[in-house]
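J.: As given, the protein sequences belong to chains A, B, C and D, one line each in that order. Note that my numbering numbers the first sequence so that position 99 is 105, with each residue one more than the last. Note that my numbering numbers the second sequence so that position 110 is 112, with each residue one more than the last. Note that my numbering numbers the third sequence so that position 406 is 411, with each residue one more than the last. Note that my numbering numbers the fourth sequence so that position 239 is 254, with each residue one more than the last.
By construction, these hints were calculated from the structure, which means they are not laboratory data. Please read these numbers as outputs of a predicted model, since none were measured by experiment. Please note that a few of the clues may not be correct.
[What the hints assert, rightly or not] Cβ-Cβ distance ranges computed for the label pairs, FRET-style:
| id | chain 1 | residue 1 | chain 2 | residue 2 | range |
| --- | --- | --- | --- | --- | --- |
| 1 | B | Ile27 | D | Ala642 | 46 to 56 Å |
| 2 | B | Phe5 | A | Met231 | 29 to 39 Å |
| 3 | C | Thr357 | B | Leu104 | 25 to 35 Å |
| 4 | C | Met455 | D | Lys124 | 20 to 30 Å |
| 5 | D | Phe221 | A | Glu30 | 42 to 52 Å |
[As the list claims (entries may be wrong)] Taking lysine-lysine and the PhoX-like style, the derived pairs with C-alpha atoms no more than 20 Å apart in a straight line are:
| id | chain 1 | residue 1 | chain 2 | residue 2 |
| --- | --- | --- | --- | --- |
| 6 | C | Lys368 | D | Lys469 |
| 7 | C | Lys157 | A | Lys166 |
| 8 | B | Lys99 | C | Lys368 |
| 9 | A | Lys9 | B | Lys24 |
| 10 | A | Lys9 | B | Lys99 |
| 11 | C | Lys368 | D | Lys171 |
| 12 | B | Lys113 | B | Lys24 |
| 13 | B | Lys99 | C | Lys70 |
[Claimed, not checked] Residues from chain C shown here face chain D by an in silico Cβ test under 10 Å; the list is partial:
| id | residue |
| --- | --- |
| 14 | Val26 |
| 15 | Phe29 |
| 16 | Tyr65 |
| 17 | Ile99 |
| 18 | Glu103 |
| 19 | Ile105 |
| 20 | Glu106 |
| 21 | Leu387 |
| 22 | Pro388 |
| 23 | Met455 |
Even for Gly, the Cβ is constructed at its ideal location relative to N, Cα and C.
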Amino acid sequence: MIKRLVSIIILAVVITSLFMVLSETAPFGDDETVVSHRYIYKGVDETGSANLVTAVVLNYRGFDTLGEVTVLFVAATGVGAALYTRKHPVRKNKVEASLIVKTGSKLLFPMMLLFGAYIFVHGHLTPGGGFQGGAVIATAFVFKYISDTRYSIDHVGFTKMESASGMIFAGLGIMGLLLGGYFLLNILPNGTPGELISAGILPIIYIAIGIKVGAELTGIIDRMMGVEA
Amino acid sequence: MMFYFASAALIAIGIYMLMVKKNLIKMILGLSVIDSGVNLLLISIGYINGKTAPIIQPGVSPSNVVDPLPQALVLTNIVIGVSVTALALSVVIRVYKHYKTLNSSEVRDLKW
Amino acid sequence: MVIDPTLMIGVPLFIAFLIPVSTFINRKFPRYLAGGTILFNLILSMLLLDAALKSPVVSYLGGWKPPFGIVLYAGPLGAMLALLISTVSILTWIYLPEYIEGGDKEKFYMLYLLLTAGATGMVLTGDLFNLFVFTEITAIASFSLLAYSKGKDEKEAMEATIKYMIIGSLSSAFFLIGIALLYSVTGTLNMADLSSRIPHADPRTVAISMMFIITGLGVEAEMFPLNGWTPDAYTGASHPVSAVFAGIVVKAGFYALARVIFSIYASSTGLGIMLVFGIITLIIGESAALRQTDLKRMLAYSSIGQMGLIITAFGMGTQLSLVGGLYALLNHAFAKTLLFMSAGAFILSLGTRNIGALDGMGKKMPVNSILFTIGAFSIMGLPFFGGFISKIVIIYASMDAGYMLIAILILSASVIELVYFLRVVQRIWMREPGDSEVKKASNASIISMMVLAAIVIVMGIYPQAFFRILGPAAGELLKAIGGA
Amino acid sequence: MLEFLNPMLRPEWMISLLFIGALLTYFAGKVSSALRTTFAIIFSVFVAFLVFLSGSRDVLTYWRPSASPMGFRFVLSINALSWFFALMISMVSALTIVYSAGFGKNTEKDNAFYGLNLLLMGAMLGVVFSGDMLSFFIFWEIMTLASYLLTTLAGKRAEKGALNYMIISTAGAYSILIGMTMIYTRFGTLEFSGLASVMGGADPMFLLITLSMLGIGFAVKAALAPFYVWAPPAYSEAPDSFTPVFSGALSKLGPYGFTLFMYGIVGLPALAKMGTFRGISDFGYIIALLGSITAVIATLYAIAQDDIKKLLAYSSISQLGYVMMGIGIGTSIGVAGGLYHALNHAIFKTTLFMGAGVLIYTTGSRKLSDMGGLGTKMPITFLTMLIAIFALAGIPMTGGFGSKWLLYEAAIDKKFVLIAPLAFIASVGAFLYSFRILQSAFLGQLPERLKGAKDPSPLITIPMLFFAGLLVLFGIAPGIPLGIIASVESYLGIPALNVSTYSVYLGANFGAYNAFTVMTVITLALLVALALFFIAKKSRKVGQTDTYMAGEVPEHHVDLYLHYSMNFYRPLERIFAPYLRNRLERLYDAFGSGYELISEGIRRIYTGDVQHYVYYVMVFLAVMILAGWWWL
């Protein structure tokens with residue numbers, strides 16, 4: 007009990023101060039944009055992306071995103087390293103899924119893939135983007151795993167896809183450096199904001215990210231499915 | 003204001019889980035909860051009263067959108083959170099395999 | 006030739022993504038791809054340091070001028086640390102093949118390469134959130150490398166990983182809260198921009214955000230109450246990973262802490278915290294090492310102690326103390342890497358981490374024993390080795406700044422350090438060996454250790470070469486805080 | 016004739032020659048052991064010769080390192096004081112290297128042995144030639160490191176001694192470092208010449224603190240109470256062919272440091288500002304008192320030793336106590352006596368340790384009770400050790416008499432009722448224990464197994480004979496060393512002693528002491544005694560154990576048990592035993608184990624439970640936030 011009491015006191019200190027500081031100095035809903043001012047007012051012209059979040063994520067702060075992709079990549083690799091077993095994992099769940107799940111997943115699987123692709127292809131226009139789209143794609147494969155006890159992804163193909171898409175992102179960055187002198191420089195024309203083919207390299211990056219994230223998350227799930235606990 | 007409160011509460015709950023719960027999976031969940039709290043905090047900081055999502059399209063003028071930067075940061079942080087959780091869970095699987103327990107105070111071969 | 010700091014991050018990332026595919030061609034490929042990339046980084050960082058000493062090399066990511074885009078800033082300090090990271094990385098790369106077992110080797114090399122890239126990013130970035138991202142890359146790569154251990158060490162490795170992950174993730178959450186608070190009052194993330202806006206921002210928020218960030222980064226920097234993970238992680242990790250932790254991860258984490266306190270907050274309170282907790286870390290670390298019977302754990306505690314020394318030196322915040330602190334940082338990076346490597350060779354051939362098993366190793370593994378001794382002597386601060394110079398400079402700096410008590414505490418801690426290291430060294434050289442056969446370390450690992458030993462000795466007998474870099478490097482940090 | 020050597024008579028030459036020689040010697044050993052030994056001898060003897068030639072001329076060398084963060088320059092200088100000590104050191108080191116070559120061992124460790132010996136010699140010369148505190152400190156540390164490594168070559172038995180030596184020396188060196196940085200931050204210079212002009216003006220409190228800080232470091236090397244605890248194990252367990260340097264040369268750096276800083280830099284007038292006692296400064300008085308106490312305590316321990324090296328180790332401590340007493344007193348006679356005794360001690364203790372090495376080599380044991388009757392078998396060793404023991408006991412005809420005489424005079428002159436009697440007691444004790452060596456090792460009955468003992472090779476005996484010759488020379492003509500010491504004194508600003516070759520003038524109260532006259536009288540007296548002995552000789556030569564073994568040859572174990580060296584001074588030991596129960600060592604041990612206990616507690620902080628670590632992080636954060644809230 008003392009433990010809980012102490013932890014509550016500590017938390018009270020930390021959280022109260024955090025809350026007080028926030029409500030004093032940055033009242034909720036207050037206009038405090040400094041740097042973002044430019045993003046908001048010039049973002050569309052400068053990047054050609056209607057979705058300002060995408061403009062920030064992929065263009066102004068594209069380097070963060072490259073890092074983010076790397077983080078996921080590292081984690082996927084790490085999961086693989088942590089769960090490594092000498093012989094290739096064999097899935098253990100022998101419980102057959104019900105007919106509804108089986109049929110439903112067969113029906114939904116292509117649609118989910120398509121929806122995922124839609125999300126990352128339209129990342130510069132609508133809410134969402136590569137990460138979200140990738141997650142949706144991974145969900146589609148989860149469906150597969152649930153419905154079919156013997157299903158397993160094509161590991162080699164997924165690895166190739168994952169690597170290729172990662173290299174596209176990093177390669178675009180290096181290309182920008184070689185062609186324009188700046189890493190991750192937008193080397194393609196911006197086009198008309200609001201159209202599908204616009205915003206320069208942004209859609210390419212988001213497609214790459216989408217494939218990569220989808221492959222990686224699926225890979226992680228595949229790894230975890232195969233573990234004997 | 004609600005959101006500040008909620009995010010502070012989420013962070014507090016997460017830390018409380020870390021400090022009190024002995025189950026490793028609950029501790030990892032705690033980390034996830036903290037992450038959500040931080041994400042909410044970031045989003046709330048970027049929120050501006052009465053404005054809409056930062057997607058410029060017909061009917062939305064630049065003077066009428068919220069700060070996009072914190073949202074971009076949140077996007078990054080979500081991915082980081084996912085990565086950490088995935089990795090932590092897979093490590094916990096291995097820990098359980100070796101220790102046959104998830105109690106954090108029994109997983110202490112390394113000490114002193 | 007384009008000398009651009011982004012290449013030091015972009016190329017390793019590209020190659021890391023390439024590695025999984027390359028295994029389809031040849032199993033040996035990943036190792037050489039990783040090594041080649043690190044070598045490329047090494048060469049680039051040398052050129053970068055050369056350029057940075059003349060004028061800082063700045064790179065705007067995506068062509069956006071700060072504060073709108075992310076900027077990489079390679080001053081003398083950043084370039085020097087990048088060089089340090091690549092050097093330690095390449096030497097560990099030479100060392101490591103026989104010390105990692107099990108698993109997919111290509112995964113190890115991918116993670117290893119990404120760790121190097123992440124740490125390089127940490128020391129070069131000029132953007133606070135980008136610093137967070139690279140800290141995470143480095144941290145998650147460290148977690149994964151730690152979890153990579155297979156075979157009989159797996160149990161301990163997994164335990165260490167989960168501990169490190171929980172503490173590390175908690176700390177990164179605090180780091181992000183700190184960033185969020187700062188953003189809420191300044192509206193910017195660029196470090197230079199932040200430092201110019203902070204004086205006009207609400208002091209209380211700034212102070213609280215600083216506390217969060219110090220807590221967040223202090224974990225990586227092994228600052229005292231935050232360093233619970235350290236001994237466990239060093240003990241549980243495979244030997245090259247321990248070496249990389251000491252040589253790269255902790256150094257980059259510490260640099261991030263110092264950078265935030267010096268360049269962003271420019272706060273004397275922050276320096277005071279570093280000073281106080283640095284000295285506590287030093288004493289706790291050295292004292293905890295005194296009674297260790299586990300070789301790697303002893304080195305881990307010694308590493309905590311050395312980090313305490315470095316933090317203390319930085320906390321004093323004078324030009325001289327920074328030079329001394331940086332000298333100690335370099336010395337510790339090289340010497341502790343060397344120690345972990347040679348300890349790894351001992352442990353590999355003995356099959357135990359127990360110090361008691363080292364009796365008479367001087368006769369059985371003479372070269373490795375000499376290398377271990379060199380590392381130990383350098384950490385102890387004996388003449389002819391780098392630690393000696395750093396100790397003199399730090400002591401002089403602390404006396405000069407009027408901290409006599411600190412100087413006395415540092416020296417007392419050094420005496421403790423001397424005791425436990427000499428106990429091991431004497432055991433190695435003065436006892437009679439047992440009968441068991443030992444396996445000699447491979448030539449490659451011996452070569453990489455010899456290079457480290459040579460660096461440490463050069464640091465001890467020709468310090469001017471290093472002072473020439475460290476002077477401007479310290480000046481770079483001090484500029485923000487107003488010269489002192 | 017030797018003009019071509021003139022360009023080499025510079026400190027940097029001598030030191031770098033030795034450092035390079037150290038490396039060359041070490042690597043030459045990988046090729047051939049003969050080459051290695053030759054190298055070692057050539058380098059050390061040549062440098063010793065250079066030191067001898069260079070004389071006390073003032074040579075200064077500057078070296079300003081570029082890009083150094085502190086903005087200083089390194090200075091090396093040869094002056095009267097440093098030359099005197101350099102002469103002593105190089106003589107002892109070089110001849111000890113020659114001596115150790117005589118043993119002709121050929122192990123891997125010998126490479127390190129010779130290399131480190133040269134390194135140590137270079138470092139010691141570096142310490143005395145340093146003209147600024149930073150190089151002083153650096154050389155000091157190199158010296159400590161080299162001597163530590165040399166001690167560890169002895170293997171497992173030296174483990175504890177070496178560790179303690181290194182720990183206490185390092186603590187001492189750090190104390191010097193603090194004193195040094197205090198001075199530097201106050202005056203902005205580290206050069207002795209610059210400091211000498213400003214230190215005198217500093218306030219007494221500052222002087223007291225800095226001098227104490229530096230003094231602790233020097234006292235450790237000089238094995239002054241209460242810092243001597245490292246010395247007995249380290250001296251006695253170090254390799255036999257290193258101990259001569261260890262005790263003979265290295266320990267002299269302590270007195271050197273005191274002399275340099277008390278008189279060379281701070282100066283007598285400034286010392287007097289700190290308060291005086293009967294005309295000498297309080298600081299000096301305390302040093303002198305500590306010195307005399309050390310002398311007595313160590314002597315009492317020495318009397319009880321059966322281990323020859325341990326006995327000599329305690330004797331070293333005791334004799335260094337004398338040296339410190341003289342230097343502490345700080346009058347013209349006192350400093351002269353102290354420095355002269357330092358020189359004598361360097362010579363006779365080196366000889367004794369060399370002799371001890373020979374004895375141990377011959378008998379295979381360090382126990383005096385395992386030896387006996389070797390005087391006839393090893394006449395040269397016997398003779399040289401006899402002379403050294405005479406010098407140690409302060410018997411006329413040897414240098415030791417003169418220096419002890421000066422020290423007594425210095426103490427009596429100032430009417431120190433505490434110090435003078437302590438010095439006398441220690442002197443009597445010195446006679447007792449030195450007699451024990453003589454009696455146990457060389458006289459008495461020869462054990463059966465030592466029948467084949469003989470004098471060692473000339474490489475070993477020549478250095479010993481050389482030193483013995485020097486002692487006799489100094490006994491007859493004390494003016495030779497005292498002349499140099501007088502010039503040292505005038506360099507230090509202390510009134511110089513009035514000496515001629517054969518006599519020393521000690522001031523109005525004591526008049527002159529003419530060594531030649533003393534020598535003649537003593538020699539005559541000895542001759543008379545010898546004549547009487549032969550005339551009145553009625554005894555018959557018998558075996559030592561005849562009386563109670565009924566003529567039987569004792570078996571070995573009986574031999575051991577009944578050896579006359581067992582319980583040699585039993586009655587004395589019984590008297591002193593209650594006071595000698597290793598009080599100081601126990602204090603140090605208690606401190607050590609106490610700290611181990613604390614650190615055992617500290618490492619329990621790292622419990623291994625991740626939840627506790629989370630607590631630490633959270634407590635840290637909460638405390639920081641509260642503090643931040645409170646500050647603002």
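J.: Out of the numbered hints, which ones does the structure contradict?
T.: 1, 6, 7, 8, 10, 13, 14, 15, 16, 17, 18, 19, 20, 23
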